[in-house]
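Participant: Each chain is listed here by its residues.
Protein chains: 2
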Amino acid sequence: MTVTTGSIRGSKKIHVGPRKVAMREIHLEPGSGEPPVRVYDTSGPYTDPDARIDIMAGLQQLRRDWIIERGDVEDYDARAIKPEDNGLKGPDRSGGVQPFPNVVQRPLRAKPGANVSQMHYARRGIITPEMEYVAERENLGRARLAEYVRDGQSWGASIPDYVTPEFVRDEVARGRAIIPSNINHPESEPMAIGRNFLVKINANIGNSAVASDVAAEVDKLVWSIRWGADTVMDLSTGRNIHDTREWILRNSPVPIGTVPIYQALEKVGGIAEDLTWDVFRDTLIEQAEQGVDYFTIHAGVRLAYIPMAAKRVTGIVSRGGSIMAKWCLAHHRESFLYEHFDEITEIMKAYDIAYSLGDGLRPGSIADANDEAQFSELYTLGELTHRAWKQDVQVMIEGPGHVPMHKIKENMEKQLQVCGEAPFYTLGPLTTDIAPGYDHITSGIGAAQIGWYGTAMLCYVTPKEHLGLPDRDDVKVGVVTYKLAAHAADLAKGHPAAQVRDDALSRARFEFRWRDQFNLSLDPETAEQYHDQTLPAEGAKSAHFCSMCGPKFCSMKITQEVRDFAAKKNQAADGFLEAGLTGAEVAQASKAAALKGMEEMSRLFKATGSELYMGAGGREHD
Amino acid sequence: MTVTTGSIRGSKKIHVGPRKVAMREIHLEPGSGEPPVRVYDTSGPYTDPDARIDIMAGLQQLRRDWIIERGDVEDYDARAIKPEDNGLKGPDRSGGVQPFPNVVQRPLRAKPGANVSQMHYARRGIITPEMEYVAERENLGRARLAEYVRDGQSWGASIPDYVTPEFVRDEVARGRAIIPSNINHPESEPMAIGRNFLVKINANIGNSAVASDVAAEVDKLVWSIRWGADTVMDLSTGRNIHDTREWILRNSPVPIGTVPIYQALEKVGGIAEDLTWDVFRDTLIEQAEQGVDYFTIHAGVRLAYIPMAAKRVTGIVSRGGSIMAKWCLAHHRESFLYEHFDEITEIMKAYDIAYSLGDGLRPGSIADANDEAQFSELYTLGELTHRAWKQDVQVMIEGPGHVPMHKIKENMEKQLQVCGEAPFYTLGPLTTDIAPGYDHITSGIGAAQIGWYGTAMLCYVTPKEHLGLPDRDDVKVGVVTYKLAAHAADLAKGHPAAQVRDDALSRARFEFRWRDQFNLSLDPETAEQYHDQTLPAEGAKSAHFCSMCGPKFCSMKITQEVRDFAAKKNQAADGFLEAGLTGAEVAQASKAAALKGMEEMSRLFKATGSELYMGAGGREHD
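Residue numbers (this note's numbering), protein chains in the order written: chain P, 18 to 639; chain B, 18 to 639.
Wrong hints could be hidden among the right ones.
Among the chain B residues that face chain P by a calculated CB cut under 10 Å, a handful are [unchecked claim]: (1) V296; (2) R298; (3) G381; (4) V494; (5) H504; (6) D520; (7) R524; (8) Q550.
Once the Cα atoms are required to be at most 25 Å apart in a straight line, the calculated SDA-like pairs of lysine to any residue come out as [claimed, not checked]: (9) K431(B) / D168(P); (10) K328(B) / G511(P); (11) K426(P) / E430(B); (12) K431(P) / Q170(B); (13) K426(P) / E427(B).
Don't read these hints as lab results, they were simulated from the structure. Owing to the predicted nature of the structure, the values given are computational and were not obtained by experimental measurement. For each residue, glycine too, the CB sits at the ideal point set by N, CA and C.
Please take these sequences and the hints and turn them into a complete structure.
Facilitator: Take a look at the structure:
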């Protein structure tokens, strides 16, 4: 039973500060004179060669002592597991996944009258270890920045030069950020989702049709966080979901989110109308005790909004939304999610579970974007946000969907206004409907923009969206695509030091430090593999030109020659104009360089032994 | 000797109007009651089963008569081909590509004193057949739209409800659009590049290191236009480029662009300082006679700007730009491109070649975006635009490069202002530097945005950007990515009827017309292949749910049930609230549906015979 381990190439795991915050440090070629680059690390101990990984034991409980020391929790006898928790009609577990060994029999909850939410502490002025961890993590261990010039357009965000624990506390207290951290998930490494922090991404996983090897199930999580998923939603349905969820939580260093209505629906045989508050409530307790960090609750689907959605081109595309819509129609009343919302909140605060208020009426096509149904629900989500905040419970808001570019900003503006700046958690949005098979890109375009406008977390979309179930490669492509979209948003918002990694990679590119380029990229393996498809020879990794242009046409090489020339003349770049007078020297130098380069290039090309399909075309620089 | 042929699946080639404008018509399932969807078609006769393809003969000369009938051209003895035209030291062509049979020995040029540019005709109030062709093509054969509500934010563009030949003439006359159409490339199907027309994309191709099979070279063009490239740039270098270019032009239905300085540099042994105006001028004539439709000319690289670029993180990344920079320094004078610009314009107007004024100083990294060097050059490009317009020569302007999202709009605004609304032709821009291997996406994000802001043509970027040479698959991914970015821009700008295809696909999606979904998508093969990886059974193509959720959780199915219920009650959607009273019927109906669906689903799942990696997770709708 194994999962994917091993350090990400070219980098090593470090632990920074008193809270031992996990980060990744990318080391560059010694000759470069460049310092290591620290990057945000979501991958947990799995990428730490020094860590001992045993999924049977689960991860270390980083937060256990922090939680206990607050003195406001009690343990109690866990709710008894029922066969239907695993989608079974009887107690027989044959063919199911094996139960996690040593399941906690006495989970934690808030003492009577207590509230263990991070928001509650924040509002009482308490800076928790979780907040300290987040501050260190968001700063990537750097000290206050003097050297970097702030740049970017933040659309009204309040991004500080330096994140202090007090800033984190204040953001959580105001509801502008959440730290999803169920007290029964002490294995999680604290992270913040908020407009004034780095943009985060979520990856969805789900159990397989035939789940038997739990390591394979856990590896879906491990694989997602290896490439950068900040949180993971377990959208499993069908059999064995309780046991599978236990395996995932015990081995997850990132917050885990779920949509409890799915499991509740399974318990009533898949018939939406048979759902009841009791079944749902029991499911919330079941998952709360396991340690789920945030729940998607579609409480905004109100009876009066359903007819608005029925008129649409694609109706209701949210599963949870359609389930509740059907329930509402069948019973002709408001959903139990809406009617029992405050009771749900009571449960949330006893475990510090964050709300992810679901957008059950989000548009599923360009035609339905920003319509009456969507915004009506958003207003209700705003109402519910303030109701949850009354009890100091953390909230984020889910958003669309399919939205053309010119309608994206309105979504962000309305959400900020209606939901009091509670973090926005959007899916894409997809900016066109006509590219199935490429919807990680149609949505990446929208995700980068809405992230720039202020969305705090982006839910990934894979190439298989609308078509089928993503495989391992699809998940990686989806995560990396969203990671680059989130980073593009951080750059545009002007997050301090976001550009450090871009600059380091660009310098490596300019100086032909190929390995540094690979190691600084979001996906080093793919970068190197693409490079080697054209120039596999080892020498090519130090060649002072690349396969796209060759030595004669290498613009970077020419620029370097120009610089060297200036240096030789002991002149600043500004001296070029005069320097040009002795241009004959440039000619001589570069003639030699070109000839030498040509020999080297032809040697390398021969080494490939294969024809190059596109030749010198198909690359950006002309 | 063959190239890729055959119709694009699910669609057939049609020819519309008196000018027989080629379009593609996607036919949907008869049962759907949906009309065929007409889409813009760049693929030429290669996707027409009725067309006889013979690359030895070249394509039919659609425009030949139009050009002759204008009575302002003369034929003359072509410039004699020299060995160095093919990068050879001697006349020996062994190992080279075979020459195209029946090369035109007497090319056309304007009669003395005449000007054959489309802009010249436009400014004299003449509507050419090319302009008529473009009008029909941009309208996709539709009549004036009454039924569509215009939507979108065009940022000051002037997009008409309906494109008339007179509108095309006026746009060309004002310099806001170009119709690249060298009189020696009569095989081209006229197309317009302009802010008020559909956003276009360009693909780059280049000759292979070892070119022998000319069909393989021609197929790079055919493959690019099959997936949607509106123009193709031949960026070949090295040997056989003259002959390869001849094969490409004679078989190309789209305008071909080149960067003549590349070939000129080859002729002087790759030593930039040895370039002369005479060598360059001779190269322009050589390519003009072959029929190249637009030339990238880096005349904006002025001596005084070079020191600004040398200070950058990535210096000069444009090949043409670096070549000219080196020449300027070596000779300490303004480039021959700048000094002889008006003479170049004389040549352009004699063949109707459009300028693509190159941005030799574009930023090659986030750090260098929007800097002094870049914008200084842009101002010079503005000056040159107006100089070219004095002689009625068509102009477009090349743009960046690497630009973070918050700095993209400034590029568009400055270009519109400085270059008098001449069409902008941008590369990406890439919105971050940290994702080599995914730069089709980092740039697709920027491309969609700048296309929305007003860029007329987007130069594609492939996944191999910065790393290696794209293969056939990379080219397809690059083209499709840019096609979806351009379409997202058309939607956001509010092009009339741009949303027709999105709506048709979304209706197909909602009604589970899988084949229609595939056929309406930009890449039907990939869409179907992804679908079949999860549910290969034929029945799955008509299954009324998809693999992501299964029948119990299928939101679209539930919405449909809700609608059917309303219909049964003979009520409008608005009647749902009352209808809800008899919700028991919904319950009954859906209970049966769910059970039936479950059986069907399990049968289909069994049919796959394989475990589904990600299970029900990893898809957008919760």
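Participant: Now look at each hint and say whether the structure bears it out.
Facilitator: Consistency of the hints with the structure:
no.: 1; hint: V296; in the structure: 15 Å, violated
no.: 2; hint: R298; in the structure: 20 Å, violated
no.: 3; hint: G381; in the structure: 7 Å, holds
no.: 4; hint: V494; in the structure: 8 Å, holds
no.: 5; hint: H504; in the structure: 5 Å, holds
no.: 6; hint: D520; in the structure: 5 Å, holds
no.: 7; hint: R524; in the structure: 6 Å, holds
no.: 8; hint: Q550; in the structure: 5 Å, holds
no.: 9; hint: K431(B) / D168(P); in the structure: 19 Å, holds
no.: 10; hint: K328(B) / G511(P); in the structure: 23 Å, holds
no.: 11; hint: K426(P) / E430(B); in the structure: 20 Å, holds
no.: 12; hint: K431(P) / Q170(B); in the structure: 18 Å, holds
no.: 13; hint: K426(P) / E427(B); in the structure: 18 Å, holds
Checked against the numbered hints given earlier, the structure breaks hints 1, 2 and satisfies all the rest.
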